[in-house]
Amino acid sequence: MGREIAMAPLMQSSQPWVEKYRPKQVKDVAHQDEVVRVLTNTLETSNCPHMLFYGPPGTGKTTTALAIAHQLFGPELYKSRVLELNASDDRGINVVRTKIKNFAAVAVGSNRQGGYPCPPFKIIILDEADSMTQDAQNALRRTMETYSKVTRFFFICNYISRIIEPLASRCAKFRFKPLTEEIMGSRILHICKGEDLNLDSEALSTLSSISQGDMRRAITYLQSAARLFGSSISAKDLISVSGVIPNEVVQAIFSACRSGNFDLANKEVNNVVAEGYPVSQMLSQLYDIVVDADDISDEQKARICKKFAEADKSLVDGADEYLQLLNVASSAMQVLSNMPQDMAF
Amino acid sequence: MLWVDKYRPKTLDKVIVHQDVAQNLQKLVSEGDCPHLLFYGPSGSGKKTLIMALLRQIFGPSADKVKVENKIWKVDAGKRTIDVELTTLSSTHHVELNPSDAGFQDRYVVQEIIKEMAKNRPIDTKGKKGFKVLVLNEVDKLSREAQHSLRRTMEKYSASCRLILCSNSSSKVTEAVRSRCLNVRINAPMEEEIVNVLEFIAKKEGLQLPQGFAACIAEKSNRNLRRAVLTFETCRVQQYPFTNNQAIPPMDWEQYVSEIASDIMKEQSPKRLFEVRGKLYELLTNCIPPEIILKRLLFELLKKLDSELKHEVSHWAAHYEHRMRLGQKAIFHLEAFVAKFMSIYKSFLISTFG
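Just so you know, the sequences run in chain order G and X.
In this text, residue positions in the first sequence follow the numbering used here: the first is 1, and each later residue adds one.
In this text, residue positions in the second sequence follow the numbering used here: the first is 346, and each later residue adds one.
Bound-form chain G, shown alone (with noise of 0.2 angstroms):
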């Protein structure tokens, strides 16, 4: 991270946790043991194949791009050997056509500097690149074979099926997993010994759980709460910090639903909208609670189910929540107590 450092020598202190304890090192980077295995192994021969790196926001993707890109060129080298680009800059078919081709046809050397192995190529990092248009992934395919010899692609992206096949057939895919409760325990751990901080086990069960393998929303949980806690830490602190919604919360409104009275499950979604709670997360806490139900039956469940999916969606396009919520209420309602439900036009 040379660059943002120097950017900002004043405010060393205050830069968030997610920054400051970004693994440097590719042999750091926690339980992505292939994508390691492969890195390391680029670092002694110097040769690596175009890159894709996918998987679920946290999981380290982004940081192993720009630390192989530190590890092969060093400092000095780095600002002429590496283009990063993501979906804050433009990305549209023109600069692949003009700024991104320009730094691909140079042609480069390799001389050691510095301990730096420095092989003959540079990398070009496309950051969330599942945000890229179709056409400028389409001019990207001829681009990527022209210069192959002196340039190499990193994709990233959260879903590899919005990178067209083309693409993703030129390059070597690895999926990133999402890390596993006692990783991320580890390298919480860590960052409370760097920090100063002082989690007991309960905290640190529930900020694994609640961030659901995605390191960087624990450590911005973490310092979240250290900011506004102090250094003695919570379960509560870190739920209350995290968004998460109360479990009375969602069991009420559940058992209004259970009820069979329309104008209690009133009530309640009007009260959650109320408190401010985000009706997409109460969506998903109610369906963990559905889901684990023991005395809802298959049938039952899966009816409910498909409301959920069909007010996400809904949601998603930017309908009012109140009104969602209180169909997902009246719906479910109605499955619970087996009325007929019959809708159609």
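Hints listed in this document are in silico derivations from the structure and should not be mistaken for laboratory results.
One should not assume that every hint holds.
Claimed, not checked - If you anchor each label on the Cβ, the simulated ranges turn out as follows:
#1 X/R622 - G/Q300: 36 to 44 angstroms
#2 G/N338 - X/K355: 52 to 60 angstroms
#3 G/P166 - X/E627: 38 to 46 angstroms
#4 X/S688 - G/S284: 18 to 26 angstroms
#5 G/N247 - X/K616: 37 to 45 angstroms
#6 G/S201 - X/K649: 49 to 57 angstroms
#7 X/E627 - G/G260: 32 to 40 angstroms
#8 X/E483 - G/S284: 23 to 31 angstroms
#9 G/D196 - X/E483: 53 to 61 angstroms
#10 X/T437 - G/K313: 39 to 47 angstroms
Claimed, not checked - As a list, the in silico DSSO-like pairs of lysine-lysine whose alpha-carbon atoms are at most 30 angstroms apart:
#11 G/K306 - X/K655
#12 G/K267 - G/K306
#13 X/K372 - G/K236
#14 X/K640 - X/K624
#15 X/K611 - X/K649
#16 G/K306 - X/K685
#17 X/K549 - X/K351
#18 X/K685 - G/K313
#19 G/K267 - X/K691
#20 G/K267 - X/K655
#21 G/K20 - X/K460
#22 G/K177 - X/K501
#23 X/K565 - X/K486
#24 G/K24 - X/K501
#25 G/K313 - X/K674
#26 X/K359 - X/K548
#27 X/K372 - G/K193
#28 X/K691 - X/K640
#29 X/K501 - G/K173
#30 X/K655 - X/K685
#31 X/K460 - G/K79
#32 X/K412 - X/K355
#33 G/K149 - G/K193
#34 X/K611 - G/K267
#35 G/K267 - X/K351
#36 X/K548 - X/K351
#37 X/K685 - G/K301
#38 G/K267 - X/K486
#39 X/K624 - X/K685
#40 X/K565 - G/K267
These numbers come from a predicted model, not from an experiment.
All C-beta atoms in this analysis are idealised placements derived from N, C-alpha and C, irrespective of residue type, glycine included.
Since the structure of chain G is already known, use the hints to place chain X on it.
Just chain X now, kept in the frame of chain G:
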């Protein structure tokens, strides 16, 4: 000056309603630094008040001296340049803007303006307060592309620029942005808290406020503090001294919606539908947002319905509201809902009473 503005708390320690949040925020900025923040909660719950108080806490009184600027940004997008015109409120330490005003061009606003702002760091040799704050309103209305371009920008310029985002619901803010911020949920104040605020204002204004009347206003306000204070001021103009059973004037558009609801209940026919359309148009031309009309209409109808019909009606309300978002012309969907309701209700009447 309206009471809403007059009694808006200026500093974090004067806040009446969200004291716990205010204390936490105070702790947060006590070291002269803060992370990116995302405030979310229903309207009238005090998000903006807290944000302004927070800025004052960080930067001192100079954060109050704001100037309104109407700036035209020239954004270079490939071959052509796009002019984006946007109104900003800025002081020496912060800039406030409504990126969604730029419509579908909001992506450029976010990318270019934030980058430009982040590059012009305030110079302070002691290294104190070396950051600017950018307040973005209505982030939930930002397009998906704009939110995506926010994510890396937020990390890259984190040393010199803090973002404070303000939105009504955090569902519409993408996970990627949410995970980069400290989320602060501002809930709507409880009725007792509203009563406290009203009493505080009454004391400052030297008014006699009967307990029952305050509770009445609080209940009518639907947990919206701004509305409660506005209603209170209206009542003061209408009749003083207050009595416990004084009528609280309902909002005229709400009255109108409830008229529509009873029209629909009385007669279900194409002719009545046509009349209702006229009334809906009347509401729309008076700038009542269509989703608010639909929600209110549902509320009024639910009050009058048998419980077996409620499920179906609320289902269709959700259905048509969703379509309204996807579509362009709100009146079609409002009218479709009314027609649907008429058909459901009519067949219900026929099957019950023959």
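Comparing the hints with the structure gives:
1. Between X/R622 and G/Q300, the C-beta spacing of about 40 angstroms keeps the proposed range 36 to 44 angstroms intact.
2. With their beta carbons about 57 angstroms apart, G/N338 and X/K355 fall inside the hinted range of 52 to 60 angstroms.
3. Checking the proposed 38 to 46 angstroms range against G/P166 and X/E627 shows it is violated: the Cβ atoms sit about 56 angstroms from each other.
4. Checked against the hint of 18 to 26 angstroms, the C-beta distance between X/S688 and G/S284 comes to roughly 35 angstroms, which is inconsistent with it.
5. The beta-carbon spacing between G/N247 and X/K616, approximately 52 angstroms, falls outside the hinted interval of 37 to 45 angstroms.
6. At about 55 angstroms, the CB distance of G/S201 to X/K649 agrees with the hint of 49 to 57 angstroms.
7. Checked against the hint of 32 to 40 angstroms, the C-beta distance between X/E627 and G/G260 comes to roughly 39 angstroms, which is consistent with it.
8. A C-beta distance of roughly 24 angstroms is found between X/E483 and G/S284, which places it inside the suggested range of 23 to 31 angstroms.
9. Evaluation of the 53 to 61 angstroms hint for G/D196 and X/E483 yields a failure: the beta carbon distance comes to about 39 angstroms.
10. Restraint check, X/T437 to G/K313: a C-beta distance of roughly 45 angstroms satisfies the suggested window 39 to 47 angstroms.
11. Note on G/K306 and X/K655: the hinted pairing holds, with a Cα-Cα distance of about 20 angstroms set against a maximum of 30 angstroms.
12. Distance hint between G/K267 and G/K306 is fulfilled; the C-alpha atoms sit about 23 angstroms from each other, no more than 30 angstroms.
13. The hinted pair formed by X/K372 and G/K236 meets the criterion: a straight-line CA distance of about 18 angstroms does not exceed 30 angstroms.
14. Restraint check for X/K640 and X/K624: the C-alpha separation of about 16 angstroms stays at or below 30 angstroms, so the hint holds.
15. Under the criterion of a C-alpha separation no larger than 30 angstroms, the hint pairing X/K611 with X/K649 is consistent with the structure, at around 11 angstroms.
16. Using a Cα cut-off of 30 angstroms, the hinted pair G/K306 and X/K685 holds, with the two alpha carbons roughly 23 angstroms apart.
17. Note on X/K549 and X/K351: the hinted pairing holds, with a Cα-Cα distance of about 11 angstroms set against a maximum of 30 angstroms.
18. A threshold of 30 angstroms between alpha carbons decides the hint, and for X/K685 with G/K313 the separation of about 23 angstroms falls inside it, so the pair holds.
19. Between G/K267 and X/K691 the alpha-carbon distance is near 27 angstroms, which keeps this suggested pair within the 30 angstroms criterion.
20. As the CA atoms of G/K267 and X/K655 are separated by approximately 14 angstroms, the hinted pair is consistent with the 30 angstroms bound.
21. As the CA atoms of G/K20 and X/K460 are separated by approximately 22 angstroms, the hinted pair is consistent with the 30 angstroms bound.
22. Restraint check: the Cα-Cα separation between G/K177 and X/K501 comes to about 25 angstroms, which is no more than 30 angstroms; the hinted pair holds.
23. With a CA separation close to 28 angstroms, the supplied pair X/K565 and X/K486 stays within the 30 angstroms bound.
24. Only pairs whose Cα atoms come within 30 angstroms are accepted, and G/K24 paired with X/K501 is accepted, the gap being roughly 17 angstroms.
25. Pair hint G/K313 plus X/K674 holds up; C-alpha atoms about 21 angstroms apart against a cutoff of 30 angstroms.
26. At most 30 angstroms may separate the alpha-carbon atoms for a hinted pair to count; X/K359 and X/K548 meet this at roughly 15 angstroms.
27. With a CA separation close to 22 angstroms, the supplied pair X/K372 and G/K193 stays within the 30 angstroms bound.
28. Among the hinted pairs, X/K691 with X/K640 is consistent with the structure: their alpha-carbon atoms are about 22 angstroms apart, no more than 30 angstroms.
29. With a C-alpha separation of about 27 angstroms, the suggested pair X/K501 and G/K173 falls inside the 30 angstroms cut-off, and the hint holds.
30. This hinted pair checks out: X/K655 and X/K685 have alpha carbons roughly 13 angstroms apart, not beyond 30 angstroms.
31. Simply put, X/K460 and G/K79 have alpha-carbon atoms about 20 angstroms apart, close enough for the 30 angstroms limit, and the pair holds.
32. The hinted pair formed by X/K412 and X/K355 meets the criterion: a straight-line CA distance of about 18 angstroms does not exceed 30 angstroms.
33. Restraint check for G/K149 and G/K193: the C-alpha separation of about 45 angstroms exceeds 30 angstroms, so the hint is violated.
34. Proximity of X/K611 to G/K267 is assessed by CA-CA distance (about 27 angstroms); at most 30 angstroms being required, the pair is judged to hold.
35. Restraint check for G/K267 and X/K351: not satisfied, since their Cα atoms lie roughly 33 angstroms apart, outside the 30 angstroms limit.
36. With a CA separation close to 14 angstroms, the supplied pair X/K548 and X/K351 stays within the 30 angstroms bound.
37. Between the alpha carbons of X/K685 and G/K301 the distance comes to roughly 29 angstroms, so the proposed pair stays at or under 30 angstroms and holds.
38. With a C-alpha separation of about 27 angstroms, the suggested pair G/K267 and X/K486 falls inside the 30 angstroms cut-off, and the hint holds.
39. Using a Cα cut-off of 30 angstroms, the hinted pair X/K624 and X/K685 holds, with the two alpha carbons roughly 17 angstroms apart.
40. Straight-line distance between C-alpha atoms of X/K565 and G/K267 comes to about 15 angstroms, which keeps the hinted pair within the 30 angstroms bound.
Comparing the model with each earlier hint shows violations of hints 3, 4, 5, 9, 33 and 35; every other hint is respected.
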